[in-house]
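Visitor: Residues per chain are reported as follows:
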Amino acid sequence: MLHAFGYWLMRYRRTWRGSIVINVLNPLLFLVGIGAGLGALVDDNAPAQIAGVSYAAFFAPGMLAAAAMQNAFLEGSGGVARAAGFGAYRSATPTPLDPEQLAAGHLLFITFRVLIASGAFVAVMAAFGLVGGWWALGALLGATLTGVAFAAPAAAWAVGVRKLRHIDTVFRFVIMPLYMFSGTFFAVSQLPEWIRPVSYLLPLWHGVELCRTLSLGTATITGSCVHIAYLLTLAVGGFLVARITYRRRLHP
Amino acid sequence: MVIAEPLVHARQLTKIYPPRGSTAEFRAVDGIDFEVQRGESFGLLGPNGAGKSTTMRMIAATSPISGGSLRVLGMDPMRQGPEIRARLGVVTQDDYLDNELTVRENLHIYGRYFSLPRAVIRDRATRLLDFAQLQEKAGDQVETLSGGMRRRLTIARSLINEPDILLLDEPTTGLDPQARHILWDRLFQLKQEGVTLILTTHYMDEAEQLCDRLVVVDHGRIVAQGSPRDLIARYATREVLELRFRLDERDTVAEKLRTSALATGGNDTDGRVESLPDRVLVYTADGEAALAAVHAMSLTPLTALVRRATLEDVFLTLTGRSLIE
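Sequences listed follow chains C and E, in order. Here the first sequence is numbered in the numbering used here, starting from 1 and rising by one per residue. Here the second sequence is numbered in the numbering used here, starting from 1 and rising by one per residue.
Calculated from the structure, these hints are not laboratory results. A quick note: this is a predicted structure, and the numbers were derived from the prediction, not measured. Among the hints, erroneous ones may be present.
Stated by the list, open to error - Heads up, incomplete: computed chain E residues facing chain C, CB under 7 Å, no partners named: (1) Gly49; (2) Pro82; (3) Arg85; (4) Ile109; (5) Arg112; (6) Ala233.
Said to hold, decoys possible - Taking CB as the label site, the calculated pair distances span: (7) Thr169(C) <-> Pro277(E): 41 to 51 Å; (8) Thr169(C) <-> Thr23(E): 17 to 27 Å; (9) Leu191(C) <-> Pro64(E): 30 to 40 Å; (10) Ala138(E) <-> Ile20(C): 42 to 52 Å; (11) Ile16(E) <-> Ile221(C): 47 to 57 Å; (12) Ser69(E) <-> Ile244(C): 19 to 29 Å; (13) Asp185(E) <-> Val174(C): 49 to 59 Å; (14) Val174(C) <-> Met78(E): 36 to 46 Å; (15) Thr15(C) <-> Gln192(E): 40 to 50 Å; (16) Ile244(C) <-> Thr23(E): 51 to 61 Å; (17) Gly33(C) <-> Pro64(E): 50 to 60 Å; (18) Ile20(C) <-> Gln135(E): 26 to 36 Å; (19) Ile16(E) <-> Leu38(C): 23 to 33 Å.
Built from N, CA and C at the ideal position, the CB exists for glycine as well.
Excised from the complex, chain C in its bound form (with noise of 0.2 Å):
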């Protein structure tokens, strides 16, 4: 498993400084321009809906959630798939290296960067002021645990995906409506009253309220272990069955 992780850090050094720039521009970008521009307007008209604190506040969570997600899917699906056809998994096969450790060592990485990109969020927004102390470091493992609920099983169905379109597919209709209906920019209280349980279901809506509640100071043992709960059995679950998909794949 760990040839198989150095393997991606040994790609990951020639491309970190860029990402690590477009880690940092990225919330830096969304937080100017949606905390303070939206959020001034969210604020001066509709401060009671988002439980009273500041825009930029409630939304920034909501976003450091999100993107978790959306990177750890974008990589453990395409990413999975491009080196399950003609890249890295397949130079890999002929080795002692069995499919159960390829898919150990690529999530493993998956995670290592959800987590760079996650602290590169987070201390945005410590600069911004939105999250402080221990709160910060219990907000930057929720986002990462985010990241690899929706990794883990995106591997394991991408390893058999065959044409890539199916990803972008998956990502316009899947991953993409997610971030309406998971309280990312605005509560789910906000939603029609029959449509909140299905929002009470999606993954993201439980990484979305993990982070957040961690990020404002208001999480509770109990709310919190039942979003653990939730995203670590997807985590959990996506992997054991990724054992099996990847098997079927590399050793037809």
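Chain E: place on chain C using the hints.
Guide: Chain E in isolation, oriented as in the chain C frame:
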């Protein structure tokens, strides 16, 4: 006393791919028996889809067998896959090199997959780059290499663990003639050094150059086996006369030849006439005499060529089809 066990031992080896979507169940390998001894250079010859690559994957312990038995290096590929793979070198049809890494980095990462210490990899990489004539390219990104260089790097990479057996799946497919000859030269050197080679090919000249012994496979079954020379002696005549005729008279002429003395051989008992879409082949001990006989029938071929029989002819005799379709 130590009795040398064959490195690969297959009995009634079978591979069935289960039905997928609209494709029906597929018997890629249908009960084949063969053995490969240490130091031998063994070839699987057959057209595309004959089951060569599938057989290679089963030997490489990257595809579970569906039936029969298979032992590789005395081990069971189903249960000891990683141990077997640790002692094999594999050159797949597509090279799967990492274009974004350098030549040396590709060797390094591959060596790491075998858990080799970094210092060992460094030493071997230097030697292998020498062997593959890629010393000057060591620091270049793989993207910049030519097709022949990529293939040589793939072979160098497959040797990083000093394998007991080197598996090569269509090693020169897609290479230009010059690159093929350089590659053959490298493989021949390995053979001289005593490395056991197992290779698949649909090029007859490649099989003749590199294989001590080969099996001819078609539709997942072995249709013949032996050394290239044996096979030619057994399934073809010494010489072959290749004739091309004008399109409009081709069919009638072919028919005339098939019913002539040439087809039964006359005094030449193995003689035979095969008509292919683009030419007619006359199998004979004496090509010049056969050509004289054709002229005596007042037939005027556009071109006539007398050549030695090759494995292509063996395959044609055995299956009635040519290897490259």
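Visitor: Please go over all the hints and tell whether each is borne out by the structure.
Guide: For each hint, the structure was consulted:
{"no.": "1", "hint": "Gly49", "in the structure": "violated, 15 Å"}
{"no.": "2", "hint": "Pro82", "in the structure": "holds, 4 Å"}
{"no.": "3", "hint": "Arg85", "in the structure": "holds, 5 Å"}
{"no.": "4", "hint": "Ile109", "in the structure": "holds, 5 Å"}
{"no.": "5", "hint": "Arg112", "in the structure": "holds, 5 Å"}
{"no.": "6", "hint": "Ala233", "in the structure": "violated, 36 Å"}
{"no.": "7", "hint": "Thr169(C) <-> Pro277(E): 41 to 51 Å", "in the structure": "holds, 44 Å"}
{"no.": "8", "hint": "Thr169(C) <-> Thr23(E): 17 to 27 Å", "in the structure": "holds, 23 Å"}
{"no.": "9", "hint": "Leu191(C) <-> Pro64(E): 30 to 40 Å", "in the structure": "violated, 49 Å"}
{"no.": "10", "hint": "Ala138(E) <-> Ile20(C): 42 to 52 Å", "in the structure": "violated, 29 Å"}
{"no.": "11", "hint": "Ile16(E) <-> Ile221(C): 47 to 57 Å", "in the structure": "holds, 54 Å"}
{"no.": "12", "hint": "Ser69(E) <-> Ile244(C): 19 to 29 Å", "in the structure": "holds, 26 Å"}
{"no.": "13", "hint": "Asp185(E) <-> Val174(C): 49 to 59 Å", "in the structure": "holds, 54 Å"}
{"no.": "14", "hint": "Val174(C) <-> Met78(E): 36 to 46 Å", "in the structure": "holds, 37 Å"}
{"no.": "15", "hint": "Thr15(C) <-> Gln192(E): 40 to 50 Å", "in the structure": "holds, 43 Å"}
{"no.": "16", "hint": "Ile244(C) <-> Thr23(E): 51 to 61 Å", "in the structure": "violated, 21 Å"}
{"no.": "17", "hint": "Gly33(C) <-> Pro64(E): 50 to 60 Å", "in the structure": "holds, 54 Å"}
{"no.": "18", "hint": "Ile20(C) <-> Gln135(E): 26 to 36 Å", "in the structure": "holds, 35 Å"}
{"no.": "19", "hint": "Ile16(E) <-> Leu38(C): 23 to 33 Å", "in the structure": "violated, 60 Å"}
Consistency note: the structure conflicts with the earlier hints numbered 1, 6, 9, 10, 16 and 19.
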